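Top line first, the protein sequences correspond to chains Y and P.
Residues in the first sequence are numbered consecutively from 171, following the numbering used here.
Residues in the second sequence are numbered consecutively from -15, following the numbering used here.
To be clear, the hints were calculated from the coordinates, so they are not data collected in a lab.
Just so you know, these numbers come straight off a predicted model, no measurement behind them.
Accuracy of the hints is not assured; some may be wrong.
[Unchecked claim] Partial list, computed: chain Y residues near chain P (C-beta under 7 Å):
id, residue
1, Ala226
2, Pro246
3, Ala248
4, Met252
5, Trp262
6, Gly272
Just so you know, even glycine gets a beta-carbon here, dropped at the ideal spot from N, CA and C.
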Amino acid sequence: MTRPILQATEVSRVYGRGASAVVALEAMNLSVQPGQVVCLIGSSGCGKSTFLSLVAGLDAPSTGTLLLDGVPLFDPGADRGMVFQRDALFPWLSVRENARFGLSLRETRRTHGGSTTRLQAHCDELLQQVGLWPFRDHYPAQLSGGMRQRASIVRALATRPPILLMDEPFGALDAQTREEMQLLLLKLCAEYGTTVIFVTHDVEEAVFLGDRVVVMRPRPGRVVADIAVPVPRPRDRRTKLSQEFQAIRGRVLDHLYDSMTGTESFP
Amino acid sequence: MVSLIQSADREEIPVTAWKSRALQRSVGSAAVRRKSLFALREPIPRSVAAAVTVGVFGLLFLAWVVLSYGGFVRPLFLPTPTAVVQRAITLYQQEILIRDIWISNFRVFSGFLMAMIVAVPLGILAGNLRIFAAAVNPFMGFLRYMPVPAFIPLLVLYAGIDEAPKILLIFIGTVVQMTIMVGDVTRQVQADLIRVAMVLGADSREIFRKVIWRGSLPGIVDVLRINLGFAWTYLVVAELVAASEGMGFRILRSQRFMQTDTIFLYILLIGLLGILFDFAFRMVHRFAFPWAQEKVRR
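Whole structure, please, built from the sequences with the hints as guidance.
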């Protein structure tokens, strides 16, 4: 095994203090290999989004350590891309300007030096790949939900981050668009070898995308199962119909429902 | 289960019947799809909107014409349109009218621009940095309820009786509201956009410049538009201070000579200027921020 790109050791996040303290995430351990797609799944309040913002550097853990490629992480940075549930495109920038936003920043210029032109070309290439090239001069408000989410994926990948963090990115899309986006994401990740941490509450989506599905449980938020998905790649629509896929889906569901009954006990 | 299917079947019949009837109607007349003019938040035809707008002005003017020419109201209370126009011509010939308009615009815009220079940066800082919010917001709340005319004696004492106290009064009248409103507008920039910028590697200054500033600019232009109106409403108060010309001054002076027509003329002129400036701001908004227009949305 190579060195994990992401290593979380006993990471916790507690909001508030004293009697009103809420444990959003309790002693989470997770080790992610480069190129892996790890899906975090669980009902709301299980800490999956909390963990993601910790990795993004938008929030700091109360205890524990997070290593990104062996280095402790603190602030947000261009070495991680992030896609939110709501696309969060800048409404005043065109699709292309949005995609290039990261490239226009000082940090990117510092780390990539003279190769920003190459990154810009790469960014245009990505836009073509996701079918947004004809819409490059449109404003986000002129696009459909699926197109907007594609644009924000391009924006996140444009700086060539080794790791992509996705917080229920397809949750607001209709079923068909959603499936298209899943296939697109698999294609892009395979091509660029990007590591993905994908938060979702959709079991089928988690199993379809993931090399691993990490099932989490609320109050306090913690991991209850880490299930490998040995379904071969490339995966396509028919993958979801295979027995193997359905068996894993069943296991994830078992863990989810198991964890649900576990929390519904009242004193 | 069976009953469910049956009920779904039964639903099917009236729906198609309704559809075919609608279809027949649409073939029969072109007006089928037209929505009511009173549908909540629905657009209405442009021509109707324009007609209503012009109609309101027209009706008011008509009422004025009937009441004044008809002799229903004495000229002292309501001058005729002719008298007002004649007064405008006289004052123009005496080179008073243009001078009054110019000097009042100068005062309003000087005070307004000063307020803008202070309020926009202060509002942006107060809206986004808690330390500035702590410094600015309670203080503005403290100032906000103070009656602006009450500052006149102090302003005369500190700034004399030239242009300075008049401009300062308009400044005081607008700066507080403007700061508060700009702060509100910048706070409305979505937190997700700021987070996205952070994750992409933007530092604080880049976030201010590329996200908060760009995102709140249309809102700030709107705030300026509204506050220019406030600035004009303080004009008469400002020209209470030892003025010898200006639109507000002329109105006050006409009161002494019972020149109702002059008062009407200047009030109407201020209204017209207001429409003009409002329109100018709206045009700036439309052409500078195409992305923020309603029509861009699907």
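Against the structure, the hints:
1. Interface restraint check for Ala226/Y: the shortest CB-CB distance to chain P comes to about 5 Å, inside 7 Å, so the restraint holds.
2. The beta carbon of Pro246/Y is positioned within 7 Å of a beta carbon in chain P (closest approach about 4 Å), and the interface hint is therefore held.
3. Interface hint status for Ala248/Y: upheld, as the beta-carbon distance to the closest one in chain P is roughly 4 Å, under 7 Å.
4. A least Cβ separation of about 4 Å between Met252/Y and chain P falls short of the 7 Å threshold, and the interface hint therefore holds.
5. The beta carbon of Trp262/Y comes within 5 Å of a beta carbon in chain P, closer than 7 Å, and the hint placing it at the interface holds.
6. Restraint check, Gly272/Y versus chain P: the minimum CB separation of about 4 Å is within 7 Å; hint holds.
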